[in-house]
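Student: Here is how the chains run, residue by residue.
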Amino acid sequence: MMNRRNFLKKAAAASAMAAAATMIPGILFASDQVDDNITGDINWTKGPCRFCGVGCGVLIGTQKGKAVAVKGDPNSSVNKGLLCVKGYHQIMCTSSADRLTKPLVKKNGKYVETSMEEALDLVASKMKETIEKHGKDSVAMYTSGQSTIPEGYVASKFMKGAIGTNNLDCNARLCMASAVTGFLTTFGADEPMGCYEDIEYANVFVLWGNNMAEMHPVLFSRMLDNRLTRKNVKIIDLATRTTRTSKAADKSILFKPQADLAIANAICYEIINNGWVNNSFVEKHIVFNKGKTNIGYGLEDKFKFKDKATPIDFEQYKTFLEGYRPDKVEAITGVSAKDIKYLASLYGDPNLKVVSYWCMGLNQHTRGTWMNNLVYNIHLLTGKISQPGNGPFSLTGQPSACGTAREVGTFTHKLPKGVVTNKKHRELAAKIWKVPYDRIPDKPTYHATEMFRAVDRGDIKFIWTQVTNPLVSLPKTGRYRPAMQKDSCFVVVSDVFPTPTSDVADVILPAAWHVEKSGMYGNSERRTQYWDKMVEAPGEAMPDAWMTIEIAKRMGYGDLFPYSKENHHEEIYNEYRQFHVGKKHNMAPVEVLKKQSGVIWPYIEETGKSTQWRFNSKYDPACDSTKEFDFYGKPNGKAVIWQRPYEPAPEVPDNEYPFWLNTGRVIEHWHTGSMTRRIPVLHQAVPNAYVEFHPDDAKQMGIRNKQKVKVISRRGTTVLPASINERGMPTKGQVFVPFFDESMLINDVTLDAFCPISKEPDYKKCAVRIEKV
Amino acid sequence: MRQGYIIIGFCIVLLVAAGIIVKASLSEEQALNYSEIIPMPGTNTLPIEEGVFKLSNNAEEFLDLVNRGVSSNQTLTSYYNRRAYPGAPPTIPHPTEEAHSMGGKDCLQCHQNGGYVDKYKAFAPVSPHTDYINCKQCHVPVKSTGLFKANNWYKMEAPEAKQQALLGSPPIIPHSLEMRNNCLSCHGGPSAPKEIRVTHPNRVNCRQCHALNDNAKNTTKIWTR
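Just so you know, the sequences run in chain order A and B. Numbering-wise (my numbering), the first sequence opens with residue 1 and increments by one. Numbering-wise (my numbering), the second sequence opens with residue 774 and increments by one.
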């Protein structure tokens with residue numbers, strides 16, 4: 001089909017050629033000749049954005065071997081040509097003057113430049129020596145939800161298949177682990193059932209502790225666009241802080257920290273009490289369970305917890321909910337019964353399609369798994385799930401938290417398919433990896449927080465981090481920074497730029513950035529996206545996957561990594577695909593990924609199509625076609641409604657530390673800022689972190705805007721300028737600090753309590769006091 | 774009798790007024806309604822054509838400005854200084870009062886239709902994509918002029934409209950039109966930088982004569998001399 005644009009273009013070219021040919025007879029004009037001197041003549045190549053889990057399609061413009069411009073990919077159904085300010089300026093970080101281009105090895109307390117060969121030799125021999133002296137479980141690797149699929153896959157194969165230790169975890173533990181355990185406990189299968197196209201069908205969007213206007217701006221713009229063009233579209237913001245999202249929403253409901261547990265249960269109470277339950281759906285597709293209560297907070301080293309599911313019936317669940325009548329929980333939630341009833345009526349109205357969105361608000365929560373379960377409860381009671389415009393949707397923070405961390409499984413308990421504790425899953429991995437089955441240990445070892453505690457205790461004596469900056473992003477960095485500085489642990493850091501983490505490294509390996517290598521990412525809606533290398537990496541910088549392979553070879557595992565340097569990303573992906581063969585998680589072949597702006601798994605081979613709504617037999621061929629819905633992640637095909645109570649946070653404000661501390665992001669900066677702060681436009685927009693106050697609190701303490709104050713907890717202190725009535729406004733008795741600024745480390749102040757089920761830390765709640773400087 | 778005529782006359786006035794209001798609101802709704810373009814596989818879902826006729830209501834006034842020699846105080850240099858590369862979203866060069874607002878009306882009150890802003894002694898530039906209201910998603914303020922680390926960013930040269938098929942034939946559009954499909958917002962009106970202001974804004978249907986050089990997907994390569 002020729003659209004008007006192509007028509008115009010072709011018409012212009014054809015007529016011009018014809019005219020020129022008649023004017024200058026005898027000279028032939030090549031129709032495909034392009035003049036390099038023409039400014040603005042840029043080579044555009046598609047790929048996914050480097051930053052968040054939305055996974056926008058971008059076109060990177062290159063000219064003379066340099067990345068010079070970015071625009072949204074109009075062919076990507078994710079963003080339809082729109083990006084955010086980070087996306088538009090992402091390539092600018094690569095030209096930062098302090099780019100790591102040569103390996104740096106610490107010798108007598110000073111970093112010395114070496115060749116890549118020498119640095120890799122040193123890392124491999126150190127790792128080998130450590131294993132020989134202290135055993136396999138004395139070495140660890142800590143990777144990322146920003147690692148590409150091939151990078152995550154070789155890390156898992158190297159640690160679990162070659163060396164034979166489960167000491168592999170990643171920073172996605174800090175952001176997505178509760179979403180995973182939420183999905184697994186309720187549905188038995190990870191990742192959302194719906195897709196972004198739900199936005200075009202839904203009538204109501206309920207945002208649970210999620211500042212989408214800043215954190216998932218392109219999806220938020222899609223929602224706003226639908227509100228403009230369709231009638232009957234509402235956005236409800238449920239939060240503990242007034243943000244741009246609250247201002248743009250049709251209704252903003254503020255609640256007290258940790259009270260989301262009670263709110264969700266109160267909504268379920270109202271749904272049942274008003275007869276809004278979709279009875280036939282519940283009868284056919286649901287079972288009820290309760291789990292353990294008073295499950296702790298993981299504050300002590302070597303904390304262990306295992307949940308136990310006990311079946312209950314609907315009546316028992318109803319009795320449990322009696323305690324959550326909206327007026328009864330007002331004191332806990334700070335939300336009026338009227339507002340909760342209003343929310344319940346939106347979920348309960350059979351004529352309204354409702355999507356719930358959440359991200360870090362529910363996940364970074366000492367009861368994160370429970371909160372994920374509770375939102376599913378609402379959608380399961382009303383049967384509003386797995387249909388266009390209806391469904392709970394867990395958004396991810398990192399570009400491949402789904403594609404790499406969750407699907408490849410770069411967690412201590414995971415394998416590319418399944419878990420290490422399952423014999424069949426270990427057998428499959430051993431078969432594909434061509435390693436002896438008993439080499440893969442059957443017990444998980446350290447999750448992220450515990451891994452760094454083990455470094456501190458001296459149990460881990462070698463750690464290699466890739467694509468992540470834990471000494472800014474871990475909670476309670478005041479403990480883990482000195483831990484990594486100890487002589488007992490040899491630290492290797494692969495990164496594109498120097499960071500506070502590379503500052504404590506014994507060896508720093510320079511890594512290639514995003515478009516300087518080829519790879520695949522998987523976004524929040526199960527969309528796998530491929531990109532080709534577009535520019536050369538500077539100096540000796542190397543793709544992380546290739547570093548892992550080089551180390552593996554040097555340690556004698558070369559036969560397990562028979563990939564070519566030029567095309568390893570594709571060869572690795574083809575091997576990885578074997579893990580997911582079958583209707584439930586089939587991945588698209590690389591040839592298909594190259595052509596399209598991403599494919600949503602399960603990929604249907606017969607039709608060449610994505611599966612947009614899982615568990616619904618109308619859209620998902622993996623379902624039992626005799627049923628309307630089939631939650632095939634569970635052996636009985638039924639999803640679980642979990643009875644999960646409200647339990648308080650581990651540390652609540654008191655006389656000594658009277659404020660809640662909430663941490664998060666701003667639109668301009670990506671996580672620890674190692675990339676975005678090197679992008680002039682973004683740094684100049686938000687040059688430093690700050691602490692936000694409610695204006696009444698500031699007034700009472702006599703704190704003015706921009707005045708420097710100390711934020712003090714039982715763990716540590718950080719000095720920041722105050723921010724009053726600027727970007728956001730916390731509720732009274734709460735302060736908010738963005739965590740991107742390495743010179744104002746708020747994570748020295750935060751608490752390393754985590755959800756006992758997911759082991760994901762809670763960065764949103766701890767107690768602090770404020771002092772003027 | 775006379776009273777009757779007055780009432781009838783009044784009713785007619787009301788009807789006409791209502792008609793105008795309805796028509797105006799309908800056309801406004803249409804203008805905002807870009808999602809009606811049905812996405813087809815392999816075609817652009819961003820309606821690159823859609824903005825072409827926007828601001829055309831003002832075209833005669835814009836021509837008048839050209840004829841009277843009224844010039845903008847914005848130059849092409851200042852225009853590009855606000856952009857990290859040609860085509861990048863410009864930064865916000867003035868203080869914004871509503872930091873917790875995503876944009877919307879706060880920005881559009883000046884940037885939807887433009888106009889003279891006494892405070893800045895300048896004409897407000899008109900946004901080429903006023904359907905997007907989360908303005909600060911892409912446009913951010915400048916709070917500091919410092920850098921976190923030095924940067925050797927290579928800013929590519931601005932595109933020039935020098936590519937012509939024949940001497941005197943209309944130049945080809947040298948930049949892509951994504952997010953910039955409303956030609957007159959940059960090339961016409963009082964806020965347009967002098968160097969790129971067209972002499973004939975009243976022709977309105979820009980792309981009748983100016984074709985696009987946009988090898989976005991490395992597919993169609995156009996003819997060059």
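A few of these clues could be false.
With beta-carbon atoms standing in for the labels, derived distance ranges [what the hints assert, rightly or not]:
#1 Lys706(A) to Glu933(B): 42 to 50 Å
#2 Gly582(A) to Ala934(B): 29 to 37 Å
#3 Ala934(B) to Asn705(A): 45 to 53 Å
Covered stretches of chain B, as calculated for chain A (at least 3 residues, CB under 8 Å) [unchecked claim]:
#4 831-838
#5 880-894
Worth flagging that the hints you see were computed from the coordinates, not collected in a lab. Computed from a predicted model, the values in this text were never measured in an experiment. Heads up, the beta-carbon is just placed ideally off N, CA and C, and yes, glycines get one too.
Student: Please go over all the hints and tell whether each is borne out by the structure.
Tutor: Right, here's what the structure says about each hint:
1. Taking the beta carbon of each, Lys706(A) and Glu933(B) are about 44 Å apart, inside 42 to 50 Å as hinted.
2. Range check, Gly582(A) to Ala934(B): Cβ separation about 55 Å, and the 29 to 37 Å hint is violated.
3. Separated by about 46 Å at the C-beta atoms, Ala934(B) and Asn705(A) satisfy the suggested range of 45 to 53 Å.
4. Check result for the stretch 831-838 of chain B against chain A: violated, 0 residues qualifying (beta carbon to beta carbon below 8 Å, three or more required).
5. With 0 residues having a Cβ less than 8 Å from any Cβ of chain A, the stretch 880-894 of chain B misses the three-residue criterion, and the hint is violated.
Of the numbered hints stated above, those contradicted by the structure are hints 2, 4 and 5, listed in ascending order.
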